[in-house]
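Student: Taking the hints into account, I'd like the entire structure generated from these sequences.
Residue numbers (the working numbering), protein chains in the order written: chain R, 1 to 278; chain P, 1 to 429.
It should be emphasised that the hints constitute simulated quantities derived from the structure, not laboratory data.
In this text the structure is predicted, and so the values were computed from the model without any measurement.
All residues carry an ideal CB built from backbone N, CA and C; glycine is no exception.
Every beta carbon over 10 Å from chain P, so not counted as near; a handful from chain R, in silico:
id, residue
1, 25
2, 50
3, 63
4, 91
5, 170
Below 25 Å or equal to it, Euclidean Cα-Cα: the simulated SDA-like pairs (lysine to any residue) are:
id, chain 1, residue 1, chain 2, residue 2
6, P, 375, R, 108
7, P, 81, R, 211
8, R, 224, P, 55
9, R, 94, R, 50
10, P, 369, R, 88
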Amino acid sequence: MIYFFDGSKAAFLTAFLLAYRDEDALLTTGSHQLTLGQKSVFVRADAQKAARCEQRLLQFDEHCMRDLDLLLRSGEEMRGQTAFLYFRMIAARKRPVRGELAENAVADASECIRRVKLEAHRLKGFVRFMECASGALYAPLSPDNDVCDLLLPHFCARLPHIPFVLHDVRRAKAAVWDGAHSFLAPLGEAEIVLAADETAWQSLWRQYYASVNIPSRERIRQMKGYMPVRYWKFMPEDPSAAIGDLPFAARNASDAAAQDGAPHPRGSLQSPPAPRRP
Amino acid sequence: MFDFVRPPWYTESMIAQETLRILTESAKYDVSCSSSGSGRRNEGGIGNGMPDGCCHSFTPDGRCVSLLKILMSNDCVFDCKYCMSRRSVDVPRASATPEEICELTVDFYKRNYIEGLFLSSAVHISPDHTMEQLVRTVKLLRTRYCFHGYVHLKGIPKADPLLVSEAARYADRMSYNMELPSEKSLKLLAPQKDKESLLLPMRQLRRERDVFRAEKRKGAFLPAGQTTQMIVGASPEHDGQILRLTESLYRVTGLKRVYYSSYTPVVEDALLPAVQSAALREHRLYQADWLLRFYGFDVEELVPEEEDLPLDVDPKCAWALRNLHLFPVEVNRAPLEMLLRVPGIGGRSAQKILSARRYTALTFEHLKKMRVVLKRARHFITANGKFYGEKNTLAVRGLLAAGEREDAGARQLSLFDTPAALSAHTGEL
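Tutor: Take a look at the structure:
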């Protein structure tokens, strides 16, 4: 049977309880093509069942909810099933299985968690803030995984006196720090007024980026390996211009990424040019 | 929306584009880029340290941009032959004020462009004057601008020891560049510098840091330690000599890291090679350096003093091929130290193997699933008794070298290539 759930932790744990003894269970958050005769059910979150399930799983592995949080943040379509197989193994063996990397379920879950953590780490460096007229900072981003709020503690610790907004344009949500509290909020489109000198600082940064490069040692492949092209779109230094313009298809790693529109800030920043279609 | 007012000391002294270009282009050949090792906390202001380091961008030359790498001035009284800012060349000169550097750092930092500042300078007027300017800038940044991000400060040779001590109280990391691996080359190419002027402040800083830690004093004293840099290919020293110097620096001065920079000709001089040194040599030196620091290798095992590292295979492969009597090792039983000596198995893969083999006898299928790279390792390991590599040493060396060459300089031949060019690519005489 296929168990559809909404991607939340409570819904996953409820679906887990239902599907645990089902040998052919498939847990998914997205659309799935049913085969002939295959049954499906949409599982709604049940707070009581979820709490019971969580408590039991924590008895087997006290850190497993941290893993679940990271797995459910993944942008992979099969994240529900990856998490299900991993947690079914914990429940079956009644102990942590994190180190058993020779098992398929553990290897897949561990790889999924690694990707989420890697993206969160990368974005700590690749996020670019713009200063608004109010003095607050605004950064648009479109991560593959839902890591927006994982970045909050990092930036709160280093910019404690400056309010900022991390806007996940793909998921239409924002992680906000108002100088005293941090919270998540839905945010479709942002209209911002930039500080008067924002363009000048961006221009200085572009100058710096161009000057620090050593043209006689060109290693574009290495550059793209460390800084994948999908993160370039919100960077004011515009790495694609530095290596010659790229075709539209190469700029966007996935269809989802191609849909993300860059916000059009008012003020001194010029509107970004419309993307070229293939 | 938000009520954020700029601090009253903010003077809006934005550096000019041209000044930034000149001062950055003069600093870019310094390869030190890491921002790791400091966990400095935010104590009311802006910024903090990130012990793992953080890369903010990458330039088309494949290098990361982590710190704002800039000189205070490129107007130099020294005349080092390899340097683009040397006294005897006619290049545009510029200087920045401490306020300009501080505001550039803070504004870039809060936009998350950089992780901190890498501040260096040409020797302007005198070593003491230059060091004073550097210390003044860093002190200003820490006290008036309340910046707690990462600061890497370049030490100026022959500056007063008191200035060096003061700088270390504000910087996260300091470095004195060895530049050339022997006293003889240093005398020839950098006549105003000598070995002692570089080693003395390094030893002084280590001594003071040890005292600071032993007495558990408040504050920070170079939390990220010291580094140095050597130019490779500008002088005739062999890799064996360079690595021996590296090992002794790690031991004597407690350096965190030695950087190698393959020589790039930026000024013409009869004493210097006219061509750029091979990037692969620099890469092999870094690989050997890693083996010394993290893999338990000794320099004597890697390369004799009067020889270079082989370019066709990496230093670990070369060592393994010389010591084939130690292989293959069984992944299910080998200790961590031996696993780390298998070509292709790094620290992370070794830890994965240690963790997984507690529960089951590992096979090659398991290793593949665990994303352990087997291209090189398969010739040196058995998994659950099975061996899938080549037994013949020559064949192994050939395969490993072929793997290394996969994309090095490969290109589609053209019909219009001259016979000489074709011969160079195909090897046909």
